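The residues making up each chain are set out below.
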Amino acid sequence: MFRVELLPDSSSVATPGYTYVADRGFNPAQAAMAPTLGRKRGIRDAGKGGDVSSRQANAIMRHLAELDRENQRDVQIPVPVKQAKEAGSRGTRAKTTSNVRRILQSQKTFRNHLDDEEAALAMGTGVGSGSGGGANVNAILQAKTGGAGGKTGKVAAAAGSGSSAAARRSSTPATASSSAARRKRPSAAAAATTTTATSTPTPAPSVSETADTHPEAETSPDNNNHNDEAADAEPKPKLIKTEHDNHPLLRSYAPSAPSDRIMQLLLAEPPLPYNAARAAPPSSSQPPRHFCCLCGYWGKIRCKTCHLRTCGLDCYKVHEDSRCGAFF
Amino acid sequence: MGTAKTRAPPKAATEPKVTRQIPQKTFVLDNGAYAIKAGYAPELPSSDEAALSACSSVPNALVKTRDNRVVIGAQITTNVSDWNEAMFRRPVEKGYLVNWEAEKEIWEQSFFDEKTARNKNTRVASPEETTLVLTEAPNTLPTLQRNTDEMVMEEWGFGGSILICHSIEGPTLNAWNEIHTLFGDSITPNPDSVIAPADCLLVVDSGYSHTTVTPVYKGQALQRGIRRLDIGGKHLTNYLKEIVSMRQYNMVDETYIMNEVKESACFVSNDFAGDMERTWQAGRKRQAGSEEGVVVDFVLPDPNAGKKGFMRPHDPLLHAKKKKGALSGLSAEVLSEDVLVLGNERFTVPELLFTPKDIGMKQAGVPEIIIQSLSALPPGLHAAFLANVLVVGGNALIPGFMERLETELRQIASAECVVRVRRAHDPIRSAWLGASRLANNREELSKVAITRQEYQEHGSTWAGRRFAGTV
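Residue numbers (full-length UniProt numbering), protein chains in the order written: chain A, 1 to 328; chain B, 1 to 471.
Chain A extracted, bound-state conformation (with noise of 0.2 Å):
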């Protein structure tokens, strides 16, 4: 069925008709949008599905880009303009290059940077070399922890995934990589998973990580808060052995601290782009908690006309009398 829908953009200010937006193909969180059951389905039971409709999604763009602004209004400050004989005195200093020249009079905000930035990244130019460069310790990462649990492997090869579509162009080559990697490198995983196999019996990993990491814990008179194994930990020269270290009930499976070949190609990767940075949903699915749009409290009733909260019926009138009727 044909019919228009704005979609979200990140304009600050709110615009009549329509917007163009970039088209990036299939998106199934807008497919799952598009009314199935009735016409007026999707605006009626907005915020129920879990998913926001699109007015919504609007408003909150428009909402958090108003968030972002230094100043309420537009305003220009012009940087003042120097007197001719203030401007002399650079005194020593050579004049001004090209280069500077070009970058005083650019006007570009950080939105044009980051969308050249984005352009390039499209372009598969911007980190080319780095992803592959992540592939590879993820590879090993994988390799290494393989063994002692699959779940770690899975979210650093998720992270490694996820973080950008170049670098999930560059699949192929990278879980050729990851397979040469492991086949390359049989005997280096092996020696891992084998030292782990015989120093787990003995809590050896935990102490020699709480040893690397923080070796002043060993000391303190106060670690009454660090956990068991710390305080199993202590007397490290000096472990005493029994034979119930081997029991499965005390054996320790604290993972052990990555080598030093894993921690320097980590130190090595490069930056991750911008929008790779951002923190990802929260993963618990918690409903959103409303507000009264009046006075903050909880939002427990929702204005049938234009889905505003309020909090009970004196809320609820001023705002039917003042404000209702706001398109949302």
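For the record, the hints were derived by calculation from the structure and aren't laboratory data.
Values in this document were obtained by computation on a predicted structure and should not be read as measured data.
Glycine included, C-beta positions come from ideal geometry on N, C-alpha and C.
Each hint can be trusted.
A few chain A residues facing chain B, derived, Cβ under 10 Å:
no. : residue
1   : Ile60
2   : Ser106
3   : Lys108
4   : Pro255
5   : Ile262
Not close to chain A: a few residues of chain B, all C-beta gaps over 12 Å, as computed:
no. : residue
6   : Leu44
7   : Val296
8   : Gly306
9   : Met311
10  : Leu317
11  : Lys321
12  : Ser331
13  : Val334
14  : Glu403
15  : Ile428
Not close to chain B: a few residues of chain A, all C-beta gaps over 10 Å, as computed:
no. : residue
16  : Gly124
17  : Pro248
18  : Arg251
19  : Cys306
20  : Lys317
21  : Glu320
22  : Asp321
23  : Cys324
Assemble chain B onto chain A, guided by the hints.
The following block gives chain B in isolation, referenced to the frame of chain A:
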């Protein structure tokens, strides 16, 4: 120190030794979006208090006052008395240095111009003989990094040599601080030992433009673990401004005043539902505000009388008394003052840092971001990072922030891990202090610095790659 930087020395060793000499004097510039923290690093290792006395804070803005004067940088603190309707232009946008036209003006005024930069702590007389340590936010766009390189090298010519910490973002510098005493570890710092960064430190930097989580391993950021929440002090101030404008006075143009209100009145609630309930009941009963009540009055500043704003317990009868005017026996001073009544605004505003969902933002709160950051790292490191969480940035000063963060992090972290969350002694100048300590370690400094000669020889593209650790 098996870092990427160690790949550089072989190359450096082939060059004449002289070129790696960096100047003795080090100027540390923490270019925050709200304020620049600047000063010379002390020549010798000294106590934190002594070092911080050399650091001064300069507002990083151009201010246009109500009477259309434009005031720049360091003069803002001294020359602006009437903050009503003050407008700001900030060269740092979303935490990243974007507009060099404005930034150059602020730097010139505050640090380079001999007429205006009177403070000798922050006066850079000869950039040629000074090393610059300049911070930047994590995940800066490469274009902006190159712009910074070119401006610093070609415009001011931090001549002898310069260090722009590309790989050393602001949060990383915190690792150079003395954090053992902060965490209550009983190791005593050896005053004779070489200053070295902490092994594992998870830095939560909640500043003006955003909140970032950076895992720092031996002074270097683990890039894949850096996460950013796009809520900072600016958003809190604007949100408070918006709420107050809707409920009481129109304050949309009073950014500075509302920032003061936020700093003095807002707190992070450790019992959100309970505080909400209490505030509501206090409003219903209209009883005299008891001492522990949430509701407070904020008396707005009066620039004509030269009075500053302040907070006091809520007086629910004040409005009625004012209506009666002089009959009620109030002094003229009280009658003329404007009062904002702050109830649940006090804690629903900073709550955004913990539940951004409240304004519909699809990002997790600070505690969960920490877990997100850690999930990108090998599990062997989780325990070490969770036990060393350092909070810096202005938002760390909001009362209740630390308690809430520790509680929530404890709840969602793995039960085997120790969770220790600490605030730096001076959360705002912590990065500056860390940089000044780094500056004392000449060897490390020269490893990451590039000299002016190198820059002139290789150009800005090379400098970018050098800082990225690929040359």
